Each structure stands twice: as C-alpha cells, then as structure tokens.
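All chains, full assembly: derive it from the sequences and hints.
Listed here are the chains, written in short residue letters.
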Amino acid sequence: EAQVTQNPRYLITVTGKKLTVTCSQNMNHEYMSWYRQDPGLGLRQIYYSMNVEVTDKGDVPEGYKVSRKEKRNFPLILESPSPNQTSLYFCASSRRLADSYEQYFGPGTRLTVT
Amino acid sequence: DAKTTQPNSMESNEEEPVHLPCNHSTISGTDYIHWYRQLPSQGPEYVIHGLTSNVNNRMASLAIAEDRKSSTLILHRATLRDAAVYYCILRDRETSGSRLTFGEGTQLTVNP
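Residue numbers (this note's numbering), protein chains in the order written: chain D, 1 to 114; chain X, 1001 to 1112.
Calculated from the structure, these hints are not laboratory results.
All of these numbers come straight from a predicted model, not from anything done at the bench.
Glycine is no exception: its CB is placed at the ideal position from the N, C-alpha and C atoms.
Take the hints with a grain of salt, since some may be wrong.
Unchecked claim - Estimated spans, in silico, between C-beta atoms of each pair:
(1) D/63 x X/1066: 43 to 49 Å
(2) X/1111 x D/88: 39 to 45 Å
(3) D/69 x X/1025: 40 to 46 Å
(4) D/114 x X/1052: 47 to 53 Å
(5) X/1019 x D/114: 43 to 49 Å
(6) X/1015 x D/84: 25 to 31 Å
(7) X/1029 x D/56: 24 to 30 Å
(8) X/1010 x D/80: 41 to 47 Å
(9) X/1063 x D/56: 31 to 37 Å
(10) X/1080 x D/40: 24 to 30 Å
(11) D/70 x X/1025: 38 to 44 Å
What the hints assert, rightly or not - Covered stretches of chain D (chain X as the covering partner; in silico rule of three or more C-beta atoms under 8 Å from a C-beta of chain X):
(12) 67 to 75
(13) 102 to 112
Listed below in structure tokens is the structure:
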C-alpha cells in the first residue's frame, strides 16, 4: 500500500530537549515536505526537499532542521523546541515538479512542548 | 501563488449533490486548480485537479468557469464520510513546483 508514515504520532516534551520526527514514504517520490497546522493559520510549509541531499526553506523554517540522506526518509529535527512549536505536523511526498499533481500526506504528529 | 476565496462552511444532506465554490479572480495562465480535503484527525488528501476543462474522477467532478476565475467542486452524492474541510489551491506549475499553499478551506457538514 502506497503510504507516508510518521513517527511518533503524539509527543509531549519539554523546552530545549532535542527531538526528531521521522517521515518515510514507499512510493519512490523525489519531492518531500513538512507542514505545520495551527488553528486560524492553516497549513504552512516548513521545509521541502526536491531530491536526496537537496533541501530548501518553506514559509516557516525558523527553529527546524531537516536532512535528506535517503530518498524514502525526510526527518524533521527540532534542536531546541519551544512552546510556540506546539502544533500538528504533516509530512508529504509527491513526484517531482510539474508531474506532481497529487501529494500524499502522512497521518500527522501532534507535538506539545511545555 | 494567486489567492483563492472559499466560504467558511457549507451544509448538505446525505445522498444529495454538493457544490463547493471557489473564487480565484487573479489566476494566471499557468495555474492549476487543485482540490484537497482533510477528514477529521487525518492528513489532507488529494481530490481532483484541472487547468481549463472540466474534470471527473471517482471522487468528484471539477467544473471550471470559462474565464477560469472561479471553479466548483461537485460531490455527486454526499455521504457522511465526505464531511471534511475542502481546500481549493492554485499551483503555478512554472514557479512553485510541488509546493501547495493552503488557505482556510470550507468546512462541509453532511447531515444524515
């Protein structure tokens, strides 16, 4: 089954404690991205990757890092989480560029930073 | 990316058709019109997309105005499972690649 998986699905942590949210896709997609969803602000893109070792900032990259060492994985790293990063996070993948009509989204990771 | 305008909420009855409108008066010639929906507690999922002509797939139909300044997503027979937030998104194939810019969408309620 074609899917995007995220782990963990729920995470409660404290300010400053480094964490990683993993994202993996089994569709051999070149393009992967991370979004956060907040009430009243909708979904906003954090980072994206066009292919292995190619990443770029989205609309709200501050406080986040990503890496793309393998095609199937695109982890989101919070080096020093803060309460304003409490949010619902989605990973997505698609084929590249103009052919990427359909993006597949993961189930989401609900992060709470206290 | 050009902006879209959708009603905040709509209601429908089960097994009746639903027409979800979207205005995009500043659409450019290279903008595709995409629709995604987000079911409760799930990630967004692709519904349909189009450029100029009306489109049909197993989930829905997309009707695009002749001047492309508006479009309508049509669910032919709403079910309770169709209750979701529906997003109308313009994607510039030339400049934004795979990037999607989500607005607030339309919350669809389906009454039994």
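These are the hints, each one checked on the structure:
Hint check: residue 63 of chain D to residue 1066 of chain X, Cβ distance near 45 Å, so the stated range 43 to 49 Å holds. At about 27 Å, the CB distance of residue 1111 of chain X to residue 88 of chain D disagrees with the hint of 39 to 45 Å. Checked against the hint of 40 to 46 Å, the C-beta distance between residue 69 of chain D and residue 1025 of chain X comes to roughly 43 Å, which is consistent with it. Between residue 114 of chain D and residue 1052 of chain X the C-beta distance comes to about 50 Å, which sits within the given range of 47 to 53 Å.
Distance hint check: the CB atoms of residue 1019 of chain X and residue 114 of chain D are about 44 Å apart, consistent with the given range 43 to 49 Å. Between residue 1015 of chain X and residue 84 of chain D the Cβ separation comes to about 44 Å, which falls outside the hinted range of 25 to 31 Å. In this structure the supplied range 24 to 30 Å holds for residue 1029 of chain X paired with residue 56 of chain D, their Cβ-Cβ distance being about 26 Å. A C-beta distance of roughly 42 Å is found between residue 1010 of chain X and residue 80 of chain D, which places it inside the suggested range of 41 to 47 Å.
The hint said 31 to 37 Å for the Cβ distance between residue 1063 of chain X and residue 56 of chain D, and at roughly 35 Å that hint holds. The supplied range of 24 to 30 Å is met by residue 1080 of chain X and residue 40 of chain D, whose beta-carbon atoms lie about 27 Å from each other. The beta-carbon spacing between residue 70 of chain D and residue 1025 of chain X, approximately 43 Å, falls within the hinted interval of 38 to 44 Å. For a cut-off of 8 Å, the count of residues in the stretch 67 to 75 of chain D with a CB near a CB of chain X stands at 0, and the three-residue condition is violated.
Given as covered by chain X, the stretch 102 to 112 of chain D passes the check, having 7 residues with a CB less than 8 Å from a CB of that chain where 3 are the minimum.
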